[in-house]
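A.B. asks: Got chain H sorted already, so can you dock chain E onto it with the hints?
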Amino acid sequence: MNDAFDIRGESHIEVHKFRAGAIIIATLLALVIQSSFPIHFAKAAVLDLPLLVTIYFGLSRRNPSTGLLLGMFIGLLQDSLSGPTVPLGLYGIAKTIIGYLASSIGARLDTEHPAARFALTFAFFIAHQGLIVLTRRILLAQPEPWFNMHLIVAALVNALVAVFLFLLLDRFRKN
Amino acid sequence: MVAIPSRHKSLVLLAGVILLQILMLAVQIKRDSEGRLIRVWTVGAVSPFERAGSNGFGWVRNTWRHYFALQNTTRENEEIRRENDVLKLRISQLQGKAAEADRLAALLNFRQSHAEVPMIAARVIGVSAGDASLTIQLDRGERDGIRKNMGVITPDGVVGKVVETYPNAAQVLLLTDKESGVGAMLADSRTQSPVGGQGEPLLAMKYVPNDDAVSLGERVITSGMDRIFPRDLPVGTVAEIKSGNPFKQIRIKPAANLERLEEVLVLLSLRPLEMKNEENSSVAQPSVSGAAGSKPAVRR
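Protein chains in written order, with this note's numbering: chain H, 1 to 175; chain E, 1 to 300.
Since the hints were made in silico from the structure, they are not lab data. Hints should not be assumed to be uniformly reliable.
[What the hints assert, rightly or not] Quick look at which bits of chain H chain E covers, simulated, 3 or more residues with Cβ under 8 Å: (1) 23-34; (2) 76-87; (3) 90-102.
Built from N, CA and C at the ideal position, the CB exists for glycine as well.
So that you can see chain E by itself, here it is in the shape it has in the complex:
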């Protein structure tokens, strides 16, 4: 047997490890389910830390914004200022809670105005660990009824779809990811075309013929053709139009703020869904104040 010189051992190990991972890539391309076990273990191990981290960051951010940042506002009258800071802290905490209550009320209002659509509220506890994909991680999973390919929305609009589920967590592919897409149409002309992500903040609407009239600011809504999202949910607004060959190059600004998601709604159905048309206005502009007296019906 030929002995490997010690200085080449690490090179041989490097080649072996790379080859192993290339084989693993090849197997995954062939079979989608391969590698799921490693993901389940990793997500299962890391998601409690993510949950704790998410809460911890929120606490630090609130404390920093609402207390420490106020410390330098005045140097006089230390006693009164300290008392004042404590009061400000309390107010800020209450404002934070009120803002959270507003967001939850908006979710609740949306949920109640679409009682025919089963949905569950979930909190965002993580994002993709690199820029190769645009995903978020939710604190709800299979035990809450979430399954692959379920739609995820906010009262503002479409967010994405569930691409992986775990017992207590789920991963959602955001609409802005390159591999993401939704059946959509222009609200005014009713021209249908899928809208897809490009890995950047704006989406692309690819198959609108040059002859069709499209105006800047025009609303884009779901068409229901993807059989994931019900019709008439806001997708975004037209932000850029260029003529192309043979289709226009249309860029869409997403209706939901996908860079600052804290709570979302998961549509708990894999069947095609319908929403009432008369409720469209409340979908596009969720009434926060109107929900103040609503009974809490969103599952949390």
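Only chain H is shown next, with the shape it has when bound in the complex:
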């Protein structure tokens, strides 16, 4: 059990376990929907479902090692599905760090409240895009703007979707 500090004053924060196959199925489903949905609804491209799944399982499992490895796995699969112009590792690095951060924060804070989930997802989305821009600029020497309004709108939309998606994924937890 994790003996992390809890800001609510409780001595322990529960580590959630999931039904068999839930993480794998949720991951694959997120990737398939991410690459299929925008064909029919172009605006759905603003969502980053693999990132939301990374954040959710990171916050719930609360084990930094598991979180970062799951983030790496999801990120590399997303790289593979994004075509040869996206080198393997671009999303991989970003989601590894987000997976680590989410599980580290999940071990220290109460992340069950919808408002907390909204705020955390918003922050993680911005951080994720920042890491991608950083990787592109430093490692790939590709000029990329740090900030635009689209980023804020996308972060808000993803944070809002995350609140409902996380409630749905909560149902796959073991009692």
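C.D. replies: Just chain E now, with coordinates in the frame of chain H:
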């Protein structure tokens, strides 16, 4: 040997995993083919689900649009309404099929009017899994003769080029991607300049001198200089002109609707292609009705 404190183990793992991926990035920059195996496995594993997902979404969308959305239109006369809904559903299904037939007929008409250019019709089954690139995935691959660098079009205009092929799938880099480009020229003045993507809906035409006359709405067509697309295919229309130094800043609205692609044509040739000039009008404005009686010749 120095033992790592347990609280630092995850940090060490994080550093190791990041370092590994940075090395992988470095290797890929050095050698283009690295990482292909992982992509082949991933695309091979995911594309059947994408195919099923694409069909499933289409079915759900059609059912939702054509049946459930109609349920709230009236609350009276339940029996007649139900019967009416069933009839509407049938009509909608037939309209959907007719629309699909129209699209395929347009492809067929285009295909037949350019019989000298080998091409194959393909269905879009996926898009890039993130916003770092603008790609689509087709349900045709190496087994259908598709190879890297082949051009992809619709009867409306240029779509992009094939950047990766798998046995039963292919990935196409859309014209709007930052790394995409096509040899093009202004239809009226015949001024040649490459047109490239910017990662947003409009394209950019970069090398037109300030002295050259360009008008809003002017058609931009392929020049054939890229040796991928034949001459005179529609690329788009001029949507914005600003003077720059030393070249004008021209933005182009793509002729093909790149945000709503369902079927495309892949040009099955890596040699420079030529198209007949007299068929340009049918390229720009594909005649749907005229194709109704055509024999199906597009490979599907």
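A.B. asks: Taking the hints in turn, state whether each one holds.
C.D. replies: Here's how the hints hold up against the structure:
1. 23-34: holds (count 5)
2. 76-87: With 11 residues closer than 8 Å to chain E, the stretch 76-87 of chain H meets the three-residue bar; holds.
3. 90-102: It holds: at least three residues are needed, and the stretch 90-102 of chain H offers 7 whose Cβ sits within less than 8 Å of chain E.
Hint compliance for this structure: every hint is met.
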